[in-house]
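K.L.:
Fit chain B to the given chain A structure using the hints.
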Amino acid sequence: MKAPPLRRVLLVEDDPDIQAIVSFALESVGGLSVEVCASGPEAVASAPRFRPEIVLLDVMMPGMDGWATLRALRDIPQTATTPVVFMTAKARPHEVEQYRRGGACDVILKPFDPSQLSDQLRGIWSRIHGEMDRT
Amino acid sequence: MTDRHPELAGAYARAFRDYVNGAGESALLRAYQAGRDLLTEGLGVLELAALHQRTLADVLVELPPSRHARVARSSSEFFAEALGPFEMSQRGLRGQIEEQQRLERLKDEFISVVSHELRTPLTSIHGALNLLIEGKAGELPSDAQRFLEIAYRNSGRVVRLVNEILDLQKIESGMIGLDMRLVDVGQLLADAVEANHAYAARFDVAIALDDSGPPLFVHADPDRLLQVLANLLCNAARFSPPGATVTVRAERLRGRVRVCVADHGPGIPEAFRTRIFGKFAQGDPSVPSWREGTGLGLSISKAIVERLGGRIGFESEVGRGSVFHFDLPEWREPRNPASGPLRR
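As given, the protein sequences belong to chains A and B, one line each in that order. Add 26 to a position in the first sequence, counting from 1, and you land on the number used in the working numbering. Add 392 to a position in the second sequence, counting from 1, and you land on the number used in the working numbering.
Simulated from the structure, these hints should not be mistaken for lab results. Please note: incorrect hints may appear among the correct ones.
[Claimed, not checked] Straight-line C-alpha distance at most 30 Å; calculated DSS-like pairs for lysine-lysine:
1. A:Lys28 to B:Lys671
2. B:Lys671 to B:Lys562
3. B:Lys671 to B:Lys528
4. A:Lys116 to B:Lys499
5. A:Lys116 to B:Lys671
6. B:Lys562 to A:Lys116
7. B:Lys528 to A:Lys116
8. B:Lys499 to B:Lys562
Quick caveat: nothing in here was measured; it's all calculated off a predicted structure.
The shape of chain A in the complex, shown without the other chains (with noise of 0.2 Å):
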């Protein structure tokens, strides 16, 4: 079955300039709505309302970091199954491997290329779809 078109996507990244960037990447490039998260915390207290059906989630980030946020994420209804990206500077295969154990779907390495960012979720969207067809 085709997957449904992604739409809302959480971003949580303390660094406002990546914020801008992203953002502008995945909304006027990729025409997707973003909310923005500055921490862990506000991202718990905006993904009820929210209800965002992919998570793209910075590792690290002052106090509450990407795997807190993760953690804290699951607990909550509306997020306990949404797919979260993590994106880091640190991932070598194994790495890739150990973050998809501790339950992330998918790793963008930072830097990456903002024109791409948006087909590239989509990707990984698409992917989670077929994976959840299979089972």
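P.N.:
Relative to the frame of chain A, chain B by itself:
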């Protein structure tokens, strides 16, 4: 226990007997030397104390009970005095090791912070330039486009440089976790060719896998070996003339597996050969191919191969080309069938 333990234990016991019989400082010195050598040879401090107690018991058996108390007292003094200097040097050594560990921790923290602080702004710079040159923020005059492409290309180079500096630091400090497993070398080479042929095609260079050799296996970290092969294949492609073919193959060599990457490039100048695995070692900067690299690829490759228990080297002939190779111990199926074969 090493071969020297009985001899040294005997020397220690003789020194102790001599001390009990009034030999004084010279006996202490001999005991100190024997004790120090025993510890250096791997005897534990508790084992040395047990040896001392056994020696004391042997001496006491030979003496009248009236002398036991006095000898036991001098025995404690002997033990403390004979090993005192060693104990102090051990403490000094421990202090140095602790200080070294503290400095290593500080360095690691510093590098981790620097890496994050550098990569975060780089992500913004690289990302903003990418959006501009792709025309996502509107069309640009051609000169602006050209200059932005230069900036974008160089931001990519800084990213690679930061990544490689951090990688090299981690490998050299032993901080990388190796994911060791059985590696089918033929499959590894096929994966490496697949991963790097697009890069080589940019230089109009092909990569050919010579798979005529026997099936070979090594016990290693496949991701790290792919990293080494990527460095060797990309270097070979960059230095090959357009239309050339880089060949990669593996062979068995005196119980080891040798992987070779051969190119038909200009060869490595004699004067540069001793420095080629050094950090930021670059040949003639007027040759554009040298500018493409970060100057760390071969240092990283060497560090990885050595961490995996191997060796890296090359043969080169100016004007004809170079062959870079690395050797790793060959993995063979254990003869004992009870231990079972390893599977990838």
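K.L.:
Which earlier hints turn out false for this structure, listed by number in ascending order?
P.N.:
1, 3
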